[in-house]
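Enquirer: Chains as they are written, first to last, in the numbering used here: chain A, 1 to 139; chain B, 1 to 139.
Each hint should be verified, as a subset may be incorrect.
Note that the list lumps identical chains together, so a pair holds whenever it fits in one copy or between two copies.
[Said to hold, decoys possible] Cross-link-like lysine to any residue pairs, in silico, SDA-like; alpha carbons within 20 angstroms at most: (1) 110 to 77; (2) 67 to 47; (3) 67 to 105; (4) 110 to 80; (5) 110 to 79.
Everything labelled a hint here was simulated from the structure, so no lab data went into it.
Everything numeric in this text was worked out from a predicted model, so none of it was measured.
Protein chains: 2
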Amino acid sequence: MSEREAILFANDAFYIAFSARDMAAMREVWASDRPVSCTHPGWATVYGRDAVLASLQSILRNPNAPKFKVHNEHIDMVGDAAVVTCVEELTGRQYLAATNVFIRAGSAWKMVHHQAGPANVDLQALEPAENDKPRGPVN
Amino acid sequence: MSEREAILFANDAFYIAFSARDMAAMREVWASDRPVSCTHPGWATVYGRDAVLASLQSILRNPNAPKFKVHNEHIDMVGDAAVVTCVEELTGRQYLAATNVFIRAGSAWKMVHHQAGPANVDLQALEPAENDKPRGPVN
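This is chain A alone, in the form it adopts within the complex (with noise of 0.2 angstroms):
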């Protein structure tokens, strides 16, 4: 698996966990050895692992809560660090613009944050997404 494939691994259990509300997935997600951040949509930003993961679990209890498609995911490289930005699709043609953060573990890479906030997105009219070029090694 390339770098890039790792990170948008990373990414899409995030967004499968979330919609399986499989908590045990969602642990597993998040880094577990540094602080880790969370600003859900209207949401002040929630520091620490336990809040972290008890505003998700809070979150997924809701019946209503929402499963995602994921789109148009982008990766920039910092160093040790991956910042994925990706649009949410939620049921209804909603859409959240998200920036999801992530830490080199080894040959994983593991959250340590992120934040999602509605968007007036066009699917049709976004650049390229990441997952639709070739996934070569990293250069």
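Here the structure of chain A is known, so what remains is to put chain B in place on it, guided by the hints.
Expert: Okay, now just chain B, sitting in the frame of chain A:
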């Protein structure tokens, strides 16, 4: 200047340039030799230095563009990246939660990503802010 002070200086510089409608200063804030991206409230993410600066210019041309007070900066250093989360207070007691990502460029830090979105914030209830702590040398 400690590393944390240098990061907060770079973060402050973004808001000072924004509030002063100073595009020359804004150009200095953003990294010039690598990809950058910006997610304004309600917008799809904008990619590339020229597009990001044009988007900021279009916002600042509006005489009703907000001015900011910044609260509750938290710094998370991730290798050569720094993720700053903070609260932007707009005129009229409106608040945005923001994520600002910087990369080390010599002794300075340059912005590579910004996202802000509306947030229900109770300033009194926020966790202690990074800039309320003594700014000693980085451990």
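Enquirer: Quick one: residue 67 to residue 105, C-alpha cut-off 20 angstroms, is that within a copy, between copies, both, or neither?
Expert: neither (27 angstroms within a copy, 39 angstroms between copies)
Enquirer: Cα distance capped at 20 angstroms. Does residue 110 pair with residue 80 within a copy, between copies, both, or neither?
Expert: This pair counts as both: shortest intra-copy Cα distance 11 angstroms, inter-copy 16 angstroms.
Enquirer: How do residue 110 and residue 79 come out at 20 angstroms by Cα distance, when the copy is not named: within, between, both, or neither?
Expert: So residue 110 and residue 79 pass the 20 angstroms test inside a copy (14 angstroms) and across (14 angstroms) alike.
Enquirer: With identical chains, the pair residue 110 and residue 77 could be close in the same copy or across copies; at 20 angstroms between alpha carbons, which is it: within, between, both, or neither?
Expert: Both. Shortest intra-copy (14 angstroms) and inter-copy (14 angstroms) distances satisfy the 20 angstroms Cα cut-off.
Enquirer: At 20 angstroms max between alpha carbons, let me know whether residue 67 reaches residue 47 within a copy, between copies, both or neither.
Expert: neither (24 angstroms within a copy, 26 angstroms between copies)
The structure shown violates the earlier hints numbered 2, 3.
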